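Keeping the supplied structure of chain E fixed, place chains D and L with the ligands upon it in accordance with the hints.
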Amino acid sequence: TEWNVSLWGTRRAFTEHVEKLAELVSEKTGGEFTLNISYGGLSNNRENLDGISIGAFEMAQFCAGYHADKNPSITVLELPFLGIESLEQEAAVSMALYQHPAVVADLARWNATLLMPSPLPQYNIVGSGDAPMTLADYEGMSVRAVGGIGAAMAAVGAVPTSMTASEVRQAMDSGVVKAVSFAPHAHMSFGTIESASWWTTNLNPGTVNCPVVVNSDALADLSDSEREALLSSVDEALDYYIEFYNGETMAAWGPALEERGIEQISYPESELTAFRDAVAGPAAAAWVEDNAAKGLPAQEILDFVTDQIAETGM
Amino acid sequence: MAGGAQVLQDDSTLSRLDRSFYKLERVLALLSGLAVFGLMILAVVSVGGRNVMNAPLPGYVDWIEQAMPLIAFMGVSYTQRDGGHIRMDMVVGALKGRVLYAAEFLTTFAVLVLMVLLVWGTWAHFQRSFDFGSPLWSRDSSMDIALPIWPAKLLAPVAFAVLCVRLVLQLVGYGRAFRTGTDAPVAVPLVIDVATQARLEAEQLSGRDD
Amino acid sequence: MDSIEIGLWVTGGLLVFVVLGMRVAFAAALAGLVGLIWIFWDKKDYASDEFVWALTVAVKTAGQVPHSKVSSQALSLIPTFILIGYLAYYAGLTKALFEAAKRWIAWVPGGLAVSTVFATAGFAAVSGASVATAAVFARIAIPEMLAIGYDKRFAAGVVAAAGTLASLIPPSAILVIYAIIVEQDVGKLLLAGFVPGVFSAFVYASLIIGMALALPNFGPPVGGFTWRERFASLPPALPIVFVVVIIIFFVYNPFGGDAWGTPTEGGALGAFVVFLMALYRGMRWGELKSALLETAKLSVMIFTIIWGVLIYVRFLGFADLPHAFADWISGLEQSPMLTLVCILLAYAVLGMFMDAIGMLLLTLPVVYPAVMALNGGVDVAAADSAFGMSGPMCAIWFGILVVKMAEFCLITPPIGLNCFVVAGVRDDLTVQDVFRGVTPFFIADGITIALLVAFPSIVLWLPSLA
Ligand code: NA
Ligand code: NA
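Protein chains in written order, with this note's numbering: chain E, 1 to 314; chain D, 1 to 210; chain L, 1 to 466.
Isolated chain E, as found in the complex (with noise of 0.2 Å):
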């Protein structure tokens, strides 16, 4: 069996689950199953979940923010400050919630297979200028940031500004936005912090949830000895994915913000508290509203996420 994988962009820390995956799965399979990956040339990284519904490759990445509509249940990842501090949590309470029935059916809408997370590193902010030492510096100040990201921000008076990923560097030199929020690999990929003079370390305002999905018919077609490979993969190639990406982005991350001059800011905790006080609660409770009116279990999908949290935190 050989299936087609759609990611975008290039190799990069963000994919070396997906291509980890593939390793070990032709390994098991002695090359009779392969998983050939495709850097953009299948389709476009909105277009995911429907190239996968369609039935025109078997597997795909996408990120639950870029189209909230598509896969409501999942954005609850993408809320502020919802308190998970490392990827291996990160990992953990996605693989949980993809479990979740209401979160199963949600994805089946697609023909869809939640298989694994690409846990994502909180989504500190970088920006030029004088460094916001308070949290009131943020007041009128415009930032990149999307999804639930962008509300929190908005909630201390920043001023969400969106372009694409593409647009970011240029769009900071060029002073349409101050700051920006992102991923340190991404940070560094697109260049942001070439124009930095400041990140904050600990602000921590979420993330983003961006799952590796296989079209459902595809993996029930699969002979035993196949699925099994796959499925019995998932665990190791995670693994192989937070140790990438703990040891070589993180620990570039560092250096690369030394070597720029780059201010580190890490605001008080009582700041920070009061932070999440305006911003969490108002966020979770607006999305409760909003996706039970899309007929999901808001409230209980909310609850499961939260239990899950306090269980794999500590």
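Under 8 Å between C-beta atoms, here's a sample of chain D residues computed to sit facing chain E:
(1) 133
(2) 138
(3) 146
In silico BS3-like pairs for lysine-lysine, Cα to Cα no more than 30 Å straight-line:
(4) E:28 with L:43
(5) L:152 with L:95
(6) E:28 with L:44
(7) L:95 with L:289
What the hints contain is simulated information worked out from the structure, not anything from laboratory work.
All figures in this text were calculated on a predicted structure; none of them were measured in a lab.
For each residue, glycine too, the CB sits at the ideal point set by N, CA and C.
Quick look at chains D and L with the ligands alone, frame taken from chain E:
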């Protein structure tokens, strides 16, 4: 490579259909032009809002993405009617009479088959983003301000269906020309020599600077 | 069948459709759709009961492309740039530019032809499309050159060649298209076109001056303008400067401060200024409506090619052809520079028969990864690269080279759109006359391209500052 052609007319039913349909196509194309104008105004508002009032337009990119299909698709049939989609006419330009009409009929027929399939394909794309049961009927939304995307996706099958009607008219035109062997077929874009065609293009710009 | 083989067969079929006179956009979409059906059916070993499945998946895959590819913020630059060109015409900017250029520089040998080149370069700074630029200047510049005794073929050739500057000097629709295909920074590419565009204009001007000095009975210099007359010619042309400044400042602030916005916004703001100017000059709804219809028509034509070709490109992705071609090119045992020159020569040949945008869209998805691989990869550092520049810089450099090649093809026979248009404007000129008149400029373009290849810093200097 060339685009632009002449379309002859007479008082046959076909020619009358051609002209009435052309009026509809023109309205759609003008919509597309107005969307370009709207895009320009939107940018002025966005820049002004950001720099003058420190109040950026929320969802600026989302709105642009909604406007683009309007610009890209609505004039597709208008352009086809006038023979404005570019092609290489070295071979057809050398053909005459029935051979020419037969060749044009065949390629036009192939395009009709393609467009009927694409009406299906783009309709399916629209359908995946549309759900009567959801708020705003939306099953796919934009990135920043979560606008429903189905209206923009619907434009493609609508514009392509209009193009299919135009292609059928052109097929009838070529078929009739083949049957009668006429020198002056109506309702189809005629291959004209490049110089004439370039003059037509240039005349579109005539006016103020003369 | 091997997917690469399917890819080659379908590509052959596409060329047959195009030669038979099918509209390029539809030929590419049809080839892509047929290819997708083939690939999916092949996956099911051509079982007859699986054909409907293959057809359905292929149609739905192709059906995603038109909406998903055109809904792009970056592509919104194209219609805006086209609109600026039409509005500038109604604002009377073309004539004002030519008059100013004439009064200031027509005193050099071959003066009126040189003025034409620089007036066109000025108009290029507001117009995004070469063909429209050539059409406009054919009406203004050729009569004046003929009146003082220029050879009519040469006069036509000057306009046809100078018109090509519009696609290098920003704004430029074709540079935007390149940036989008290869996913590079639009602003940097636009910026990169500026110096080579002006450089090209100077090469054209030097060629004309050289010819004027060498040939007897060439068009005489035009002198005798007073300084008062010279300065009087400037105000009507000033809006051009204003628009240029807006666009430049929205891409890059030369004084080291923040740029004022994104290229998308700069283009739109420039169009708005020209729109106000045209209103002031008496443009009314009837003229605005025809400007909007013409903008719509040209935009639709370009967007139809874009989605049509991208359906074909989607099929190439499933056939994995770009990857295979890149491997093949980077495996060649000859110097990368020789391979690059061969690629550029191949564009010269292809461009004789094809339109610029169609040519780039069709070839770049395969050729661009190959060129990047040739240089040592997308992320290569300048020190480790074959051409002595980093991956992103190589993308910019190659973009300008390819666009310059595509522009060169607008004046080469048998299909040179600019020459057709110039001949079309003038009843006394045949297409052959214009092709004859434009021949000297082949040499100028050859020199320009060779210099851009040999001295990449001409291209890369400005974008490397930004
Ligand atoms: Na230009
Ligand atoms: Na040519």
